[in-house]
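Colleague: With chain C held as given, fit chain R onto it using these hints.
Chains as they are written, first to last, in our numbering: chain C, 227 to 394; chain R, 43 to 768.
Don't take every hint at face value.
[Stated by the list, open to error] Covered by chain C, per the in silico footprint, the following chain R stretches (three or more residues, Cβ under 8 Å):
hint, region
1, 285-297
2, 307-314
3, 322-332
[Said to hold, decoys possible] Looking from chain R toward chain C, a few residues come up when the C-beta cut is under 7 Å (computed):
hint, residue
4, Arg-225
5, Gln-266
6, Pro-317
Rather than coming from a laboratory, the hints here were simulated on the basis of the structure. Quantities reported herein were computed from a predicted structural model and do not represent experimental measurements. Glycine is no exception: its CB is placed at the ideal position from the N, C-alpha and C atoms.
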Amino acid sequence: MSAEPIATFESSLDDLGVDLVRTTADEFASTLEPLLDAPAVGAPLPFEGVSLPETVETDPTVAELDAAATGVTAAGYGIADYGSVVVQGGAEGAEPVSLYADEHVAVVAASDVLPDMDAAFDRLAADVRSGTRQSIVATGPSATADMGALVQGAHGPMDVTVVLLEGA
Amino acid sequence: MSADRRRKAERIRHLLDTEGDAVHENTQVFNEGRYESTGDLDDYEELKAEARTIKEDAIERLPELIDDVTAAVEANGGTVYLADDAEDANRYVRKVVDGRSVVKSKSMTSEEIDVNESLEGSGAEVWETDLAEFVLQVADEAPSHIVAPAIHKSREEIATLFNEVFEPEEPLETAEELTRFAREYLGEKILDAEVGMTGANFVTADSGTLALVTSEGNARKCVQATDTHVAVAGVEKLVPTVEDLQPFVELIGRSGTGQDITSYVSLLTPPVDSPTFGDDGLEPGDDREFHLVLIDNGRMAMREDDQLRETLYCIRCSACANSCANFQHVGGHAFGGETYSGGIATGWEAGVHGQESAAEFNDLCTGCSRCVNQCPVNIDIPWINTVVRDRINRGNDGDLDFLVEGLTPDDEPGGIDPQKRLFGNFDTLAKLGSTFAPVSNWVGRTDTARALLERTLGVDSRRDLPEFERESLVAWFERRGPRVSREAASREVALYPDAYTNYVRTERGKAAVRVLEALDVRVDVPAAGESGRAPLSQGMVATARSNAESVFDALAPTLAADHDVVVIEPSDLAMFHREYERLLPEDDYTALRDRSYELMEYVYGLLENGAGVDALPDGDGERVAYHSHCQQRTLDLEPYTVAVLEDCGFDVATSEVECCGMAGSFGYKSEYYDLSVDVGETLAEQFEADGNADRTVVASGTSCLEQLDALLTRRPAHPVRLLDRE
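Here chain R stands alone, though its shape is the one from the complex:
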């Protein structure tokens, strides 16, 4: 393993050991809360669409909104400073603070510019009053989550920290005691402070109103108790009007911590006039100063960038982090850059701190797409991760290219990491493996080959490599031919032979052909190549596009004949339905999307439209544990498999995890092996629990099958195998 991969693997292992449990427990609460709370909204999708439209419009008109808000704040008696970058912002804030004591409420933007360091360097005292930020200030640690920055710390750890640092007369133990202590300690700081600093979740351009979404009440106190209010906010926080806040207020708490609404949504149109704390008591607050520091720091350039622009719609709710299996297990200290963490952090870090900061953690997004439907402004977060990965690939100088030359007929530049190139060209590899099977499988099992693969390409030797079949599915079908005549056929379909089904798991392809035929469908298996999923997952967008074009060409005759395309591998169907929109001409994309179906979804449709369930085997109450696939669930296709199996008489239990942790090549990479297994174990535990331990295990995705096979003693299979009479 290379030194860099080893360093990464060690860091991840360390974080799994030290922070993994607390992060897992806490993100789980947010994740479940979000599903429940957004489920209560009748108009959830409409609100998301509305929020998205407002953000698109605001970013489009941003220069105009900056002018508007400047005029509004000045008319209210405040000042607006537009800071080009972090240093510019800090210089201004230092001047305003002028050595006075500052109390702050939580603000990720202030973390982005490191304002505390800047102020303390100028002699000012700064106290974080958000309890989690206070914990981190005392512990001298960085946030690991954009909403709950100390999510990686357990109550016990916080108690130990406070007891050591503050030496209270009675040691602190419970969450109540810790909270009371912090409230009192910070209460004095708030009383003494002269400057209150806040961020802003939203700023309305028409009125200069800040919306602060909080629960503790500290932001309110920071503003009320002081006579100078400094708010720092990225320019992207501007929305046109006060009315525009409504969908965001309904979505942000639900999407973040799973609360319908947080305790306080403060709409402040500063300078505010509440009585303030003077030297002798409460004094009129009508002399309060207000400074709004709007920060560019790369944002205006992101606005010009067709791929990164969507990042600016982000309202920093953390849904993408909480719904991410990798994040749930390892947390934001691994899955994050200088400031931001979670899926969308790749866009933020690339935009505000530069690509190198994003490169540190970008690979932890496996493209599983579980975050996509969770984002309250419908940002395609996996796509942003893919694009930034592509840019990182193009920015690297490679020195191991010779190792994979010849295996890699791709459209990528020379500098790309050879590991990514290997996995990105899985189709070529599989073709070779199949041609030389079984020799290739024997070689692949030798210690020498595995050591070489691990050392040079970072393929973890603890993973079993795929066993290639000598005869591909396409070759088998060519030899065998269709078994339902055109006259007898109820429908005609092309079964898409994804690279895994074609060369490795041919048995599920054969089962699919037989099951479709049993339902009177005439099946063809055209030699359409790899969908582009493999290169896309490595950030090889150009190769993915070229694969997509070839697949479309191979399937075009099927579409032209008004036949359907049936897909076994959910990640490839997800390509057809989601990513092809960005890779193919629009007409080609919609033609394929509208006629392509997941295999069990198609079987469900056949049964609903008159095909007899008697043509399929009777499950006779057989107990089955089913793990759907992440991308399949994002497309809302899990229920069809369950329904078909139940129709056939199986007793089905389903998993409750976001992802199996294998995620294509991710679990094979030596730097991520431990994390992949850690994620997979949560799934394995569900299937080993009482009531499930005796069930036959089925899973739709290839990766999921590999992962389950590695972690369970039962051998899992694709659900279509249960419907195959052979």
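So that you can see chain C by itself, here it is in the shape it has in the complex:
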């Protein structure tokens, strides 16, 4: 993977007002810690050598979900041109975790940052065919202009942070 998509990804995220935080599997815990506002919820992360701290509730009740300040999930891949992360929810709960918390922290492997929508759709299509039931191309926080001015944070999160896992 060349460095170019990562640089583009970072600048696209910057345009969206989304912070990109770089880390490695070894440093993951210490990188994540300051990003977590309590109470935090999460869905299990699929990356080797990476796990969520115990303070992050991975089996939340509805009330805990609703009250969550931070929700941590993996993202299947990133799309550099757009600054998007693809959240592939499933039985383990990434969908509600990424939707209800005030801030969504999405963890994506640097090797999964794709350059553009063309590449993303090749992968999205392959995933659909191998049984992935939902892929959300999420770009920045939820937003609405329906109340007379642009507001970040409509039904979904009002902030997004992307954690880029290098060397994974």
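Modeller: Relative to chain C, chain R alone:
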């Protein structure tokens, strides 16, 4: 004015007063955003062409794709129901919902079938969770825009509404407060709901995947929080494969709200398996039910209709609404039918609700063509409006025909509205006006004549009528003859005498002849008649075709001699370049298109190819405000006028509006006068602003000149007048 025209005029005035400001402000943001966001795409045109090809193929193969998606959804564990019409769809949805509570995300197709009413009638509770739809549900109003349904409401109005209805402890005021309140209020409804209803922007036939293009996150919640998912979608939403979604995903947000991409593009292949909300908390979502309700409701008939078929390619992005000057000013409550609004709505309403629904607003499309290049699937929206107008004309029973008989040697049936017939036959009218000038001009100014015109034909008496010249441009030229000999000529051209230049604004025709001659061009002015633009704008397609054929016959010798055709009036050049494709045999169309040029474009070409700019007057820094013409801009011909004027030493500022609002006959019609002036004032304000107020005003189009003349104290002229030494 007839009762019907009066009712229409009052309604438009009311909407301009109550909704016009909010609509204008909000559509402006979308419109500017679209220009900026699509401008960032290197391959914008390629993506549009790709999207168009996918849609053409999908609609061509629609029956096969319906079979494919049915098999795919069933294999995934869901159900597909193909509903013939709204009632059929509603019956099925009522059965699935079975009185349970429903939360919905935004879906225009669900508006089309009035599913909320149907469900509430069966005892189910239904909540719209899209914030704009929620506002409308609380206000009990209909959408005024297909993407931003409450675009006609200001923040203040929404705050007042919420404070009255919900009586919060602290009155709500800011957009943030209103949004938080709605999120919490609807959050409880989502938690309690058992059925989640969504639409679909696209459905892939190969996998049964829905693509939902949203920003608020409510569609995701509606699906995740419930254990039954019902998606309603028109059959035209099918595309063959998941890969086919890519160009649409890149185009739809940019074309609609001017965002590169919306916050969420959800690709759901339902039934999805995210944990759902049960009675006691999160429960596994593997028992979720999924029903895809595919709706025909007239679409399969549209598919068989050679003129309406293109409508089915529409991805409902709203670019045609946002780029439309009339829409920007009056909004979708006037510029819309039972469900859909904006330019393409004519096709949708005619197809799904019937011609009467389209007839209500179809005239608000003036054919300015600003939407044409904005449509992400290259639909010729003005043409659809023209065809439906023609069909409406043919479906009417007229009772005032005698008033315009004799003035109207057209090819139209008896039932057509006499107002349309009058304007559609402008050429005949102008010929008579010119023959009897100046008497015709004096008569035309009398109160009696104006009152009669207004009462019987709806020609607004607040508009000055055109002043006809006794000597037409063609007659003047016949008398005068060409002034550049064949031997001395660098090129030979026919200057096309459009009806306005020929009978009304002959001075710009004479200036054009002299300017071309100054650049060593031998000019002829053949007696070619009206281009067909006037009848076409009234939906009189047969008359337009017959005019087009006559014009071609008159210009054929010019083309045969390998000479060029130069056109002063941009709307007529647009006929030659766009609409003639549908009116003339293909060879005739391409021959004329390839050799016809807008006047200033031609002058630019002459200067680029060696003609000396010294032959033209020196602008010497004269400050000029230039308004190009809508159709001229669609053909991308605005820059030539600017370049020529700058080459000649003028200091040029240009307008930034989609259209002047006059649009041929539109601004003369009493039911549309107020809207026309409202649109025109935006242009006038730009030319009255600091830095422009002292500039000489020039405009390429006849209509634009009429409008500017009415709204400014400075008298505007065609830019060629600045280059004329006389």
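Colleague: Of all the hints numbered above, which does this structure not satisfy? Sort the numbers upward.
Modeller: Structure breaks no hint.
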